[in-house]
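Q: Chains as they are written, first to last, in our numbering: chain A, 26 to 361; chain B, 26 to 361; chain C, 26 to 361; chain D, 26 to 361.
Since the hints were derived computationally from the structure, they do not count as laboratory data. Worth double-checking, as some hints may not be accurate.
So, partial list: chain A residues that the calculated Cβ filter (under 10 Å) puts toward chain D [stated by the list, open to error]:
{"hint": "1", "residue": "K61"}
{"hint": "2", "residue": "K189"}
{"hint": "3", "residue": "N213"}
{"hint": "4", "residue": "V218"}
{"hint": "5", "residue": "Y221"}
{"hint": "6", "residue": "T247"}
{"hint": "7", "residue": "V253"}
{"hint": "8", "residue": "T260"}
{"hint": "9", "residue": "I296"}
{"hint": "10", "residue": "L299"}
{"hint": "11", "residue": "R320"}
{"hint": "12", "residue": "A326"}
{"hint": "13", "residue": "F348"}
From chain D, some residues computed to sit far from chain A (all C-beta separations above 12 Å) [stated by the list, open to error]:
{"hint": "14", "residue": "E53"}
{"hint": "15", "residue": "G137"}
{"hint": "16", "residue": "D193"}
{"hint": "17", "residue": "P205"}
{"hint": "18", "residue": "D316"}
Bear in mind that the values here come from a model prediction, so they are computed numbers and not experimental data. Think of the CB as a built atom: it goes at the ideal place given N, C-alpha and C, for glycine as much as any other residue.
Protein chains: 4
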Amino acid sequence: MIKIGIVGASGYTGGELLRFLKNHPEVEIVAATSRKFDGQPIYNVHPHLRDLEIKFENLKPDEIDADLVFTATPHGASMKIVPELLKNNMKVVDLSGDYRFDNIKTYEKWYGYEHTHHLKAVYGLPEINRELIKEADLVANPGCYPTGAILACLPIVAEKIAEKIVVDAKSGVSGAGVTPTDATHFPNCSDSVSPYAVTTHRHGPEIQEKLSKFGNAKVSFTPHLVPVIRGIMTTVHSFIIEDVSSDYIQEIYKEFYDGEPFVRVLEKGEIPRLSSVRGSNNCHIGSFDIDENGRLVVASAIDNLVKGASGQAVHNMNLMFGFPETESIDMVGLHP
Amino acid sequence: MIKIGIVGASGYTGGELLRFLKNHPEVEIVAATSRKFDGQPIYNVHPHLRDLEIKFENLKPDEIDADLVFTATPHGASMKIVPELLKNNMKVVDLSGDYRFDNIKTYEKWYGYEHTHHLKAVYGLPEINRELIKEADLVANPGCYPTGAILACLPIVAEKIAEKIVVDAKSGVSGAGVTPTDATHFPNCSDSVSPYAVTTHRHGPEIQEKLSKFGNAKVSFTPHLVPVIRGIMTTVHSFIIEDVSSDYIQEIYKEFYDGEPFVRVLEKGEIPRLSSVRGSNNCHIGSFDIDENGRLVVASAIDNLVKGASGQAVHNMNLMFGFPETESIDMVGLHP
Amino acid sequence: MIKIGIVGASGYTGGELLRFLKNHPEVEIVAATSRKFDGQPIYNVHPHLRDLEIKFENLKPDEIDADLVFTATPHGASMKIVPELLKNNMKVVDLSGDYRFDNIKTYEKWYGYEHTHHLKAVYGLPEINRELIKEADLVANPGCYPTGAILACLPIVAEKIAEKIVVDAKSGVSGAGVTPTDATHFPNCSDSVSPYAVTTHRHGPEIQEKLSKFGNAKVSFTPHLVPVIRGIMTTVHSFIIEDVSSDYIQEIYKEFYDGEPFVRVLEKGEIPRLSSVRGSNNCHIGSFDIDENGRLVVASAIDNLVKGASGQAVHNMNLMFGFPETESIDMVGLHP
Amino acid sequence: MIKIGIVGASGYTGGELLRFLKNHPEVEIVAATSRKFDGQPIYNVHPHLRDLEIKFENLKPDEIDADLVFTATPHGASMKIVPELLKNNMKVVDLSGDYRFDNIKTYEKWYGYEHTHHLKAVYGLPEINRELIKEADLVANPGCYPTGAILACLPIVAEKIAEKIVVDAKSGVSGAGVTPTDATHFPNCSDSVSPYAVTTHRHGPEIQEKLSKFGNAKVSFTPHLVPVIRGIMTTVHSFIIEDVSSDYIQEIYKEFYDGEPFVRVLEKGEIPRLSSVRGSNNCHIGSFDIDENGRLVVASAIDNLVKGASGQAVHNMNLMFGFPETESIDMVGLHP
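Kindly generate the complete structure, drawing on both the sequences and the hints.
A: In structure tokens, the structure reads:
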């Protein structure tokens, strides 16, 4: 039984962490922090967690006594907390972007401010870093778009199948977080599809840096907001550089992800569906069709709040403490 | 360990039964029938149940060997199957309307045809019939609207607080089933709200018959289709016949549902939310406000496919076999 | 040709006023005010009005020189502007709640603050006040819910058909205005239905005051937020006090609204649809069914931003200046 | 005043044709055919067109006496009607795919059957064929995806800015037509995004054939279904082959579409929105951003039923008869 703290427990990722951890047999939640909701029951903010007898507390990092802390804090805020938690002998899974980049210059360029507390972290995508995660004290949980994009691109990149890749991703609105904005105002985003940050989204360089460890392909990324609560559909268009078949591509994916507990490579003719993974930690990957111009299409579906955030964070925790990998995150999607 | 059959496993309620039962430690699924999808893997129809190694089979009732069969069959079809299953010493939870009515004349009037195989069944709303369900061989699983409406009305009716009740219910589209129709065509039902069968819905007399065992209130029912996948919000308007306070009403509800594992009576000022119960077997009840005309408002939220169908069916199974009541159906809602 | 000013032109009702007025042959828009967007082109805020060569201006009331001003300002703000506009010999159509009530005590009770500038105004529902509107200098444009509710209730009340009426209304999210809030945040209000202000909405007493001029029926009102951009579906449940038929009721509605340019009484068996009136100034009224408890159901559909706000405001302007009633607001709904 | 017939008037494109034509001052609708709804009033199917006093008729082609007929008929059906209409001296705007291809072999390959009645037609995209349309007897109205894609790609192709183009398009569900299917069933397509026909959609070769007249770029096309009623957002990714700036690209677009009544090139920093064009015949084009890999993004927004179908068809009619181009199709979008 380990003690768990959640810093920033009032956001969507905090809510999902609580949903998964409350039934985890090896875990006791000892702190769920929130400045704004200090003293209030969890269900005031997360109305589905009605029976959870925990209250938000406004705690400073040094007031937390845990074995592992999830920092579900904004970019720029995590770097001010994480070093102290580590110093006090707690392990950390950070859900912000602060520790995702190996190259601190890339971080500073795309996030637009100085990184004042750089530390070596393991990028927490279990499908590429499983063994490193097991040994890590600090895991940087991947971004939502990078999770869907990297899993869809990896075999192509690693097998040098394509050099130019376009990632056209469509995300549900919960990816924008819990705070209302013009972009998330129902009359604006319902019945609508919006490309945004079309060449400037921070998740683009994150995808590129991680894939570059596997091959030289150049990845171009454009996200879209779609009228969906949860889920990211990632459509990967890549120009193949030698003449291979669709069946061959699918076979590569099957081998690549063989044994992975949360990745499913679909059969030919199947297309991933958001409802298949809604609320679950699964990633479905499919299509593998190639057109007359040698353009290959691969599509992946994840739940941005689960495999794209809190489910993956719990997966990382399970690895870091030697628990069964799928413990408490093995639910299937909610379909329809 | 008991053996379970599901007749009509390709619909939404069939999919939900499979979702709950696949992890139930006391249950083995021995048959999932479908005429249309005979021989196909379950995930062709229920794409989220990818790892379920079961195939649909086109089985006749006498080819099923189980301890309990869920008949997720249409109204009029169940009555042709259920008697034979019972005769072969299987217990049955029927999800159709065929065995819900005590008064067969009411059934025939509202369903529009003769009931050819009437049998005595227990109405499977555990909150009113828990002890009878435990002893039953045939449980008639309640309709989705009646589940939300009866739970919201019961204390008012039983305590003789009101004589005239209007139930204005709003249902998600999955309540219409898996078969596409004009009414469920996205361009028709998205960005829309539609009253339908405004005074003639079959669930009206079901609500009335069950509530009439508790008091004399007359219930008027109107359903609406709303652009929601899952969930029923039931708004109950009733004219109170003596001068009681909102606090008093809430207290009555708290007492009435004290100890119920799946009903939550909200605090004053809270309103039930569909996301709080989405995918879960919970029913949230709240409001209890009274206006200047003596009109009391009570609102309940359920997931029509879970508490309104398959979750409640598994609850009934748990009761019939002495399993823990909440086994495999104690998940919380998916919010957001 | 008259000169028109719009105070508060950056909200949704401001946008709709501009949409209708830009093609009106008798109208020149001389001012569209906004503090926040001063100097910016209209299409920065209303992206569909791309070709409109008008800019927002931050004008004070005494800087406007117009024949009529639409005040699309918040409750409490209008009362600080309207008197000065009138004093400067401009006519006013006020879209706030400030001048809707005859009884200032009712206003102050429900709006929660003192009314500092009371003036006599005509309630701008042309179906009841057409002749008074023609002569008015100050027209109080009705609330969105009251428009749908009053039109659906009027014949019942005027003909003394019922004494107790429950209005269960479902509104699209644009009714909450242009400013993002928790309630309008897509992950909160999509796939959801929410009763709110269940016995305390300000539109309740507005409906009651206006109907009370026609009869003694007591009206109870509860609004709901539904995942729809535009539109209000109003379901009126009333207990009839003598034995009349559904056909008779429909006939009363047909006679009552005979000749009204924007009200359509549907045939028996038809149900109003939001798409039929989306973007239009029409109100469709239908159902007229009566159940075994003597409860009559009438349903109406309007677009909350058009018949429920700006379309009706232009209708009032047309009446005040003797233009054809339907000028520039006679478009049909956008279906699907 | 010309006489107009609409063959296949009960679908969505038929409804939109009626919406535009009913107020056209130069047009009299003499026939609106439907086999299924023969004898019924238009508003039984198109509930927003309540005041239109026309009935569906089950007419054969030789029973129509008109100056122009819109054939809103399925692929394969048009070819059996159009020759006879032309022979009887009627002009035709065909909304099916039957006459869109110059190369009949391409048609037969992608549509999967023989073309039995090939005729020379003008492809009815006014922005490229305005003068030819004016002289044409048979105009093939473009597909919805091709309209959005060609307008977004044309300047790039014509100016030889890119050789490889990926068109990732997202369409609202009304594009699938009026007939309910599994794909359009609300519980399936709401809260979802689905790539489909990822390399095999018929609109791909249509886009390629038309663009090939302007340059050699190879276009790869993938459509997606999104939970939107109306609208297509087309995201065009292309790899530029010389070093040009984003400003330069935008300038090319501005020049290319200068004077076009229905195309708007947005300013830098603006992104097209579906609500800006909802219900209107406009096409908004924007973005023009270029990333570090030399990938250019251009996005266009249209309403699939208007600029992508019936609005463009009326535009073609206006050109064919010398009416003002924008007559009866100059409404702005419905935002929000």
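Q: Hints first: check each against the structure and report whether it holds.
A: Going down the list of hints, with the structure as the test:
no. : hint : verdict
1   : K61  : violated, 28 Å
2   : K189 : holds, 7 Å
3   : N213 : holds, 6 Å
4   : V218 : holds, 4 Å
5   : Y221 : holds, 7 Å
6   : T247 : holds, 6 Å
7   : V253 : holds, 5 Å
8   : T260 : holds, 6 Å
9   : I296 : holds, 6 Å
10  : L299 : holds, 5 Å
11  : R320 : holds, 4 Å
12  : A326 : holds, 9 Å
13  : F348 : violated, 32 Å
14  : E53  : holds, 34 Å
15  : G137 : holds, 17 Å
16  : D193 : violated, 4 Å
17  : P205 : holds, 15 Å
18  : D316 : violated, 4 Å
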